[in-house]
Amino acid sequence: MASPPKVLVRGAGVAGLVSAVTLALRGAKVTLIESGPKVGSGASWMAGGMLTPWCEAESAPAEVTERSVDSLGWWQANVHDVQANGSLVLAPPRDTAEIARFGRRTSHFETIGPDEIARLEPDLQGRFAKALFFPTEGHLDPREALPALARRLVALGGTLLTDTLAPPDESFDWDVDCTGLNARANLSHLRGVRGEMILLRCPDVTLHRPVRLLHPRIPIYIVPRRNHLFMVGATMIESENDGPMTLRSMSELLNAAWVLHPGFAEAEILDMGTGLRPSYPDNMPLVTQEGRHIFVNGMYRHGYLLSPWLAQQVEHIVFA
Amino acid sequence: MLFYGTPLTSPLMLGTAQYPSPEILASAVREAQAGVITVSLRRESAGQKAGQAFWSLIRELNVPVLPNTAGCHTVKEAVTTAHMAREVFETDWIKLEVIGDSDTLQPDVFGLVEAARILSEDGFKVFPYTTEDLVVAERLLAAGCEVLMPWGAPIGSGRGLNNVFGLRALRAHFPDVPLVVDAGIGVPSHAAQAMELGYDAVLINTAVAKAGDPALMARAFRLAVEAGKAAFEADPMEARDMAAPSTPLLGRPMLA
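Keeping their order, the protein sequence lines are chains A and B. Heads up: the first sequence begins at 459 in this note's numbering, then just goes up one per residue. Heads up: the second sequence begins at 366 in this note's numbering, then just goes up one per residue.
What the hints contain is simulated information worked out from the structure, not anything from laboratory work. Please read these numbers as outputs of a predicted model, since none were measured by experiment. Incorrect hints may appear among the rest.
As a list, the in silico DMTMM-like pairs of lysine to aspartate or glutamate whose alpha-carbon atoms are at most 25 Å apart [to be verified]:
(1) Lys575/B to Glu521/A
(2) Lys464/A to Asp633/A
(3) Lys588/A to Glu568/A
(4) Lys490/B to Glu452/B
(5) Lys441/B to Asp466/B
(6) Lys496/A to Asp729/A
(7) Lys575/B to Asp600/B
(8) Lys441/B to Glu503/B
(9) Lys441/B to Glu479/B
(10) Lys575/B to Asp633/A
(11) Lys496/A to Asp627/A
(12) Lys575/B to Glu455/B
(13) Lys575/B to Glu568/A
(14) Lys441/B to Asp740/A
(15) Lys441/B to Glu396/B
(16) Lys487/A to Glu710/A
(17) Lys464/A to Glu628/A
(18) Lys588/A to Asp468/B
(19) Lys575/B to Glu591/B
(20) Lys575/B to Glu514/A
(21) Lys575/B to Asp729/A
(22) Lys490/B to Asp473/B
(23) Lys490/B to Asp468/B
(24) Lys588/A to Glu710/A
(25) Lys575/B to Asp627/A
(26) Lys575/B to Asp498/B
(27) Lys575/B to Asp740/A
(28) Lys441/B to Glu425/B
(29) Lys575/B to Glu710/A
(30) Lys496/A to Asp539/A
A short list of chain B residues far from chain A (calculated; beta carbon distances all over 10 Å) [said to hold, decoys possible]:
(31) Thr374
(32) Ser386
(33) Arg407
(34) Lys441
(35) His448
(36) Val474
(37) Gly476
(38) Leu506
(39) Ala518
(40) Asn528
Cβ coordinates follow ideal geometry from the N, Cα and C atoms, glycine included.
Assemble the whole structure, with the sequences as input and the hints as a guide.
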């Protein structure tokens with residue numbers, strides 16, 4: 459039997475970690491190097507972690523949904539604490555027309571009224587008349603899931619080197635580049651799309667699933683995490699400025715939380731983050747190969763949803 | 366009609382915001398055969414030219430660019446944004462928006478006239494987003510504008526031409542000024558109606574960008590604009606209250 463392939467993976471964001479674990483599960487000898495001090499030093503750390511393939515059909519190509527219906531299963535198999543409670547889509551009273559539009563473009567949901575909303579999310583009782591409930595969707599906390607994947611890689615016999623730019627030696631059969639915008643010198647037409655997020659702690663409000671709040675200009679989502687934490691995101695700005703959050707973006711995000719539940723007025727603001735989503739012109743990710751070099755890039759805002767599918771493509775190349 | 370001495374290849378102006386992806390935006394611009402595309406300059410993007418990657422995709426479309434000052438609420442903000450836009454896009458065209466109310470996004474016409482004067486004196490060719498008010502229109506022309514862009518309805522509302530009488534009066538009052546209906550157009554019939562009134566162009570963004578199939582909707586708007594323009598040039602009949610049979614009934618043979 460041939461010896462297992464030696465694979466170097468560059469970049470310990472979601473694409474790199476999922477690729478590394480997928481290859482290690484298949485028996486490859488994987489070394490994952492990360493230029494930052496820890497896993498998730500880039501955009502992946504700022505993500506919402508929503509595993510909502512059916513909701514994405516509202517604005518993403520059908521392929522995003524098709525390629526991500528199995529990703530909730532992948533995450534559940536490889537990481538603890540992946541929630542599968544579905545997701546909710548709501549709108550403030552004067553924007554309820556947006557719910558109809560969202561429903562026309564998506565599938566696998568139930569249209570529910572105030573009683574069912576209150577049953578699913580008791581804290582939202584009496585606040586919204588109509589919602590879409592996507593029962594087969596889920597969510598995870600990227601700040602728990604990425605370190606968990608790193609531990610899984612090591613348990614599978616892989617190596618993780620942080621603060622490392624260059625590979626330890628030149629003996630690798632494959633070089634898998636998952637470095638996002640850092641790979642742009644090799645990948646034409648890659649651009650960054652700015653996103654901003656806020657992390658809140660709010661013991662007064664309990665939610666069990668991600669909630670999208672529709673608004674014609676600024677759709678915003680709130681994802682519950684453990685210990686009364688909530689991630690509120692995310693702006694989408696065609697800019698590669700990754701500087702601090704603006705007051706406008708912050709107002710939009712915080713207002714959305716407040717509209718969802720006035721209890722958020724008492725929330726503590728724990729973190730504000732800005733990230734650049736690596737994106738191709740069609741906002742779809744791509745696995746490309748040049749000799750023994752493989753590039754996984756262009757995750758846009760679908761890193762957690764589409765990484766399992768992309769890692770499968772990498773696996774097919776390496777084990778062809 | 367010339368826009369600051371330049372003819373448009375098509376009376377359809379297309380905004381570039383809110384599309385699902387730059388690639389879909391590009392296909393919409395192609396299907397629309399847009400004469401002009403507008404680009405909004407957000408402050409986050411202008412600093413250090415951080416929006417360069419997106420702007421270079423816009424430039425690759427090879428359609429004249431009309432930068433705008435979307436989201437500006439004060440004269441100072443709008444003037445600053447116009448200067449940044451001139452530098453970034455290397456054009457002295459500017460679509461001037463000074464928003465007066467953040468709920469309806471209706472223009473602050475007082476600030477608009479002031480900003481239009483400042484920018485015109487500074488060599489800009491200003492395309493002001495205004496209401497259908499005749500007196501404001503006069504002031505904008507006096508401030509140096511050679512194009513007027515009255516709204517049909519509030520931005521993004523898709524409610525069509527709310528005040529057809531006012532828009533018709535504006536056309537009649539300024540037969541030689543290029544007029545563009547900007548904002549509020551929701552479906553192609555609204556655009557056709559604006560062209561039937563004799564308007565020189567329409568500006569569409571949300572109606573195309575937020576459609577389920579933006580490229581197909583862009584094509585629908587192109588056809589509607591073409592139909593409306595042809596109808597205006599063909600001199601449509603006057604509406605009347607009573608039926609007027611197109612064939613005389615008298616002496617008609619009984620075939621049944």
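Structure-based check of each hint:
Distance hint between Lys575/B and Glu521/A is fulfilled; the C-alpha atoms sit about 19 Å from each other, no more than 25 Å. With a CA separation close to 9 Å, the supplied pair Lys464/A and Asp633/A stays within the 25 Å bound. Under the criterion of a C-alpha separation no larger than 25 Å, the hint pairing Lys588/A with Glu568/A is consistent with the structure, at around 11 Å. Of the pairs offered as hints, the one joining Lys490/B and Glu452/B holds, with about 14 Å between alpha carbons and a cut-off of 25 Å not exceeded.
Taking the CA atoms of Lys441/B and Asp466/B, the gap is near 16 Å; set against the 25 Å cutoff, the hint holds. At most 25 Å may separate the alpha-carbon atoms for a hinted pair to count; Lys496/A and Asp729/A meet this at roughly 18 Å. For a cut-off of 25 Å, the pair hint linking Lys575/B to Asp600/B is broken: about 34 Å separates their Cα positions. Distance hint between Lys441/B and Glu503/B is fulfilled; the C-alpha atoms sit about 22 Å from each other, no more than 25 Å.
Using a Cα cut-off of 25 Å, the hinted pair Lys441/B and Glu479/B holds, with the two alpha carbons roughly 10 Å apart. The hinted pair formed by Lys575/B and Asp633/A fails the criterion: a straight-line CA distance of about 40 Å is larger than 25 Å. Annotation: proposed proximity of Lys496/A to Asp627/A holds, straight-line Cα distance about 21 Å (limit 25 Å). Restraint check for Lys575/B and Glu455/B: the C-alpha separation of about 29 Å exceeds 25 Å, so the hint is violated.
At roughly 23 Å between alpha-carbon atoms, Lys575/B and Glu568/A fall within 25 Å of each other, so this suggested pair holds. Between Lys441/B and Asp740/A the alpha-carbon distance is near 36 Å, which puts this suggested pair outside the 25 Å criterion. Straight-line distance between C-alpha atoms of Lys441/B and Glu396/B comes to about 37 Å, which puts the hinted pair past the 25 Å bound. Annotation: proposed proximity of Lys487/A to Glu710/A is violated, straight-line Cα distance about 46 Å (limit 25 Å).
At most 25 Å may separate the alpha-carbon atoms for a hinted pair to count; Lys464/A and Glu628/A meet this at roughly 10 Å. Between Lys588/A and Asp468/B the CA atoms are separated by roughly 23 Å; this keeps the pair inside 25 Å, and the hint holds. At roughly 22 Å between alpha-carbon atoms, Lys575/B and Glu591/B fall within 25 Å of each other, so this suggested pair holds. Distance hint between Lys575/B and Glu514/A is fulfilled; the C-alpha atoms sit about 14 Å from each other, no more than 25 Å.
Among the hinted pairs, Lys575/B with Asp729/A is inconsistent with the structure: their alpha-carbon atoms are about 32 Å apart, more than 25 Å. Between Lys490/B and Asp473/B the CA atoms are separated by roughly 19 Å; this keeps the pair inside 25 Å, and the hint holds. At most 25 Å may separate the alpha-carbon atoms for a hinted pair to count; Lys490/B and Asp468/B exceed this at roughly 28 Å. With a CA separation close to 22 Å, the supplied pair Lys588/A and Glu710/A stays within the 25 Å bound.
A hinted pair counts as satisfied when its Cα atoms are at most 25 Å apart, and Lys575/B with Asp627/A does not qualify at roughly 50 Å. The hinted pair formed by Lys575/B and Asp498/B fails the criterion: a straight-line CA distance of about 29 Å is larger than 25 Å. At roughly 16 Å between alpha-carbon atoms, Lys575/B and Asp740/A fall within 25 Å of each other, so this suggested pair holds. The hinted pair formed by Lys441/B and Glu425/B fails the criterion: a straight-line CA distance of about 31 Å is larger than 25 Å.
Using a Cα cut-off of 25 Å, the hinted pair Lys575/B and Glu710/A holds, with the two alpha carbons roughly 20 Å apart. The suggested pairing of Lys496/A with Asp539/A holds, with an alpha-carbon distance near 21 Å, which does not exceed 25 Å. A cut-off of 10 Å between C-beta atoms confirms that Thr374/B is not in contact with chain A; the least separation is 24 Å. Not every Cβ of chain A is farther than 10 Å from the Cβ of Ser386/B; the closest lies at roughly 4 Å, contradicting the non-interface assignment.
Listed as outside the interface, Arg407/B is inconsistent with that label: its C-beta sits roughly 6 Å from the nearest C-beta of chain A, within the 10 Å cut-off. Annotated as non-interface, Lys441/B keeps its C-beta farther than 10 Å from every C-beta of chain A; the closest such distance is 16 Å. Interface exclusion of His448/B from chain A stands, the closest Cβ pair being 18 Å apart, more than 10 Å. For Val474/B, the condition that its CB be more than 10 Å from all CB atoms of chain A holds, with the nearest at approximately 23 Å.
Gly476/B, annotated as away from the interface, keeps every beta carbon of chain A farther than 10 Å; the closest lies near 19 Å. No beta-carbon of chain A is positioned within 10 Å of the beta-carbon of Leu506/B; the least distance is around 31 Å. Chain A leaves Ala518/B outside its interface by the beta-carbon criterion, the shortest separation being 14 Å against a cut-off of 10 Å. No beta-carbon of chain A comes within 10 Å of the beta-carbon of Asn528/B; the shortest separation is about 22 Å.
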